[in-house]
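Kindly generate the complete structure, drawing on both the sequences and the hints.
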Amino acid sequence: MKKIIATIIKEWILLRRDVAGFLLLFIMPAILIVVMALVQDAPFKDYQELRFDLLLADNDHRRLAQEIKAGLRQGKNFNVIDSIDGAPITNEKLKALLQKGTYRVGIIIPKGATAEVINAANIVANSISKKMGIGTLPQREIRDSMYVRMYFDPASKPTFRMSISFALDKYITYSCSNLLVGRMSKLGNMEGIDSAQGDDFKKIFQGIGIKEEALNDKAIYNQTINSVQHNVPAWAIFGMFFIVVPIAGNMIREREERSALRVELIPYAYTYVALGKILFYTMLCTVQFFVMCAIGLWILPLFDLPALNMGTHGWVLLPLSICIAMAATAYGYFVGSVFKTTNQAMPFGAISVVILSAMGGIWVPMDILPQAMQRIAMISPLHWGLDGINQVILRNGSIDRVVLHMCVLVVLSIVLWLISLYVNRDRQHSI
Amino acid sequence: MPNAIEIRELRKMYKGGWTPALDGLSLTVRRNQVMGLLGPNGAGKTTTINIMCGLVEPDDGTAAVLGKDAVTDKLAIRKMIGVVPQQIALFGNLSAWENFRYIGKLYGLGNATIQQHAGNLLERLGLDKHADKRIARYSGGMKRRANIIASLLHEPEMIILDEPTAGVDVQSRAMILDFLKDYHAQGHTIVYTSHLMEEAEQICDEVVIIDEGKFVVNGSPQALVQNTPDCKRLEDVFLHYTGHSVRD
Chain A
11 MKKIIATIIK EWILLRRDVA GFLLLFIMPA ILIVVMALVQ DAPFKDYQEL RFDLLLADND
71 HRRLAQEIKA GLRQGKNFNV IDSIDGAPIT NEKLKALLQK GTYRVGIIIP KGATAEVINA
131 ANIVANSISK KMGIGTLPQR EIRDSMYVRM YFDPASKPTF RMSISFALDK YITYSCSNLL
191 VGRMSKLGNM EGIDSAQGDD FKKIFQGIGI KEEALNDKAI YNQTINSVQH NVPAWAIFGM
251 FFIVVPIAGN MIREREERSA LRVELIPYAY TYVALGKILF YTMLCTVQFF VMCAIGLWIL
311 PLFDLPALNM GTHGWVLLPL SICIAMAATA YGYFVGSVFK TTNQAMPFGA ISVVILSAMG
371 GIWVPMDILP QAMQRIAMIS PLHWGLDGIN QVILRNGSID RVVLHMCVLV VLSIVLWLIS
431 LYVNRDRQHS I
Chain B
1495 MPNAIEIREL RKMYKGGWTP ALDGLSLTVR RNQVMGLLGP NGAGKTTTIN IMCGLVEPDD
1555 GTAAVLGKDA VTDKLAIRKM IGVVPQQIAL FGNLSAWENF RYIGKLYGLG NATIQQHAGN
1615 LLERLGLDKH ADKRIARYSG GMKRRANIIA SLLHEPEMII LDEPTAGVDV QSRAMILDFL
1675 KDYHAQGHTI VYTSHLMEEA EQICDEVVII DEGKFVVNGS PQALVQNTPD CKRLEDVFLH
1735 YTGHSVRD
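Protein chains in written order, with our numbering: chain A, 11 to 441; chain B, 1495 to 1742.
Hints were generated in silico from the structure; no laboratory data involved. It is possible that some hints are incorrect.
Unchecked claim - Covered stretches of chain B, going by a simulated chain A footprint (3 or more residues, C-beta under 8 Å): (1) 1534-1545; (2) 1569-1578; (3) 1589-1602.
As the list claims (entries may be wrong) - List time: in silico DSS-like cross-link candidates among lysine-lysine, alpha-carbon distance up to 30 Å: (4) A:K12 with B:K1562; (5) B:K1562 with B:K1675; (6) A:K105 with A:K196; (7) B:K1509 with A:K140; (8) A:K105 with A:K86; (9) A:K103 with A:K79; (10) A:K105 with A:K167; (11) A:K350 with B:K1568; (12) B:K1562 with B:K1509; (13) A:K121 with A:K350; (14) B:K1726 with A:K13; (15) A:K121 with A:K103; (16) A:K180 with A:K79; (17) A:K140 with A:K196; (18) B:K1675 with B:K1726; (19) B:K1726 with A:K350; (20) B:K1568 with A:K12; (21) B:K1562 with B:K1708; (22) B:K1708 with B:K1509; (23) B:K1573 with A:K13; (24) A:K196 with A:K121; (25) A:K110 with A:K167; (26) A:K12 with B:K1627; (27) A:K79 with A:K196; (28) A:K13 with B:K1509; (29) A:K103 with A:K167; (30) B:K1623 with A:K350; (31) B:K1708 with A:K13; (32) A:K180 with A:K86; (33) A:K110 with A:K121; (34) A:K12 with B:K1623; (35) B:K1708 with A:K12; (36) A:K86 with A:K121.
Quick reminder that beta carbons are idealized off the backbone N, C-alpha and C, glycines included.
This is the structure:
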């Protein structure tokens, strides 16, 4: 045990003196977390929490246009702009502003849109009333080319276009339903209904609605994915696996400066030194993980981001992070053993971690990756680490939910250590 | 009491090698002797030392160090010997003290023992005032001396030195040689390789010249000079037996 402790102390002294290595382990992942959380904050909000300026050219000036405007204004996503400097927005002005990129979305409500909707409602009401033997409303043929037209900044993403389109469609449908209810009321001599009753009709016509509910009664436990919940654990794991650079570099440097030979010449020392190194770097990675969590808890809120939620069983992160740290350390040990020079090990170590992180869902959540990539991700230890942490901080899972993840990481670590041991034993030593 | 080293018919061929590194080498080193193992480049000196330390296994033949077999008892041998490699086998970013403390711990020594042994050796090799300086900042001669101290912390019965004075200044060389003489005087066995024949003449009781993995000749430096025709110095004897052709 004294030999292991001596190795841990020695590694600590060496790390303390390697300022660049120290920065790489703590400062770089911290910067990465802050930057990525800020950069990905908007995409993670998925357009639901954002407010967009929406240009509106109203050529109708009647009920449909008013209801669309009112609906868009009621929703929290749009800031409806129908005039600039007191002048109403024309079709040409709207297109010019979008083309310049000043605004991202605009809609043009055509002249006679309300009349067309009323005509459509009358046709429906008349077809019903004919069967019931009650009066008829004026109607004419439906025009084919009557559309509320949408225009987008050419740089807008398809998901953004789809989101706006759905929202607008909802308000038009809602407006048409209201008009139809009004027509039916007129036929049935129900013009006298007050607005409160009108609201009841809205509910009746809504039929089965949609209501999102939380899985847990307590609001604090209902964490959904956001930029912080994804980026803090993701880049913390990435930073942990970047330990491959100092570990492999350290091992190769010790072989090159021959201090590894000194250890080899001391009876029974090799195993203790290996254990000491593994323990030291595992502890270091674990500390690194919780420092990154601390950044999520206390630093990110200073940038107007939500604080990291550690879930209801936050303590599970300790054994889980130890397993991730073991896998990261073992991978570093493996790279340091297999490669002979730092010129080989450093680029391989760094690039392989980037590839494994991309495969493992560090850059973007796994859910949006193609099925094939989701299956390939299973070979990335970073995936097992991140998925385990998500079980804890997003799904409030306890230890039973991460046992499989921990086992996979530990088995992987053991396999990598055994390969490293074999490679080191097989390597020709010489004084 | 067995000899310090008994090597019989050692053979070793490295993977991809054209010629054998050792080709039936036999030699004996008595206890409390300073034996110089001499030979041109590629003669097999380093392979012989590697086998004695248990770092390399011979293809054939036997090697016993302090009565222990170099293949089956290599860990026991490493406890009893100190090996001073030609290159500086120390942690460059640790100070001398930190190196010795760590290496001492790996040998299983207690703090007090390390303090005492390292303290004495640092003083004798003139490094006591620089013990807190990092090895990377030492001069070549200081590194060589620190390298020797690290190999002697566990007080081995025998030390094996591979060119311990290569590339050092005159003062450091003189200090190292004086130290080795003192160490020998305390009853320790020393096996020593060098390309510097003057050094071997100065400190060795006996030299063994090997070439192309084979034993060539042995004897005390004085006897070899006397018994070899037209030779006035050990260097002449060396050239007489190994030839003038350059070895790579």
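inquiry  = Taking the earlier hints as the rules, which of them does this structure contradict?
reply    = When the structure is compared with the hints, numbers 6, 7, 13, 14, 19, 28, 30, 31, 35 turn out to be violated.
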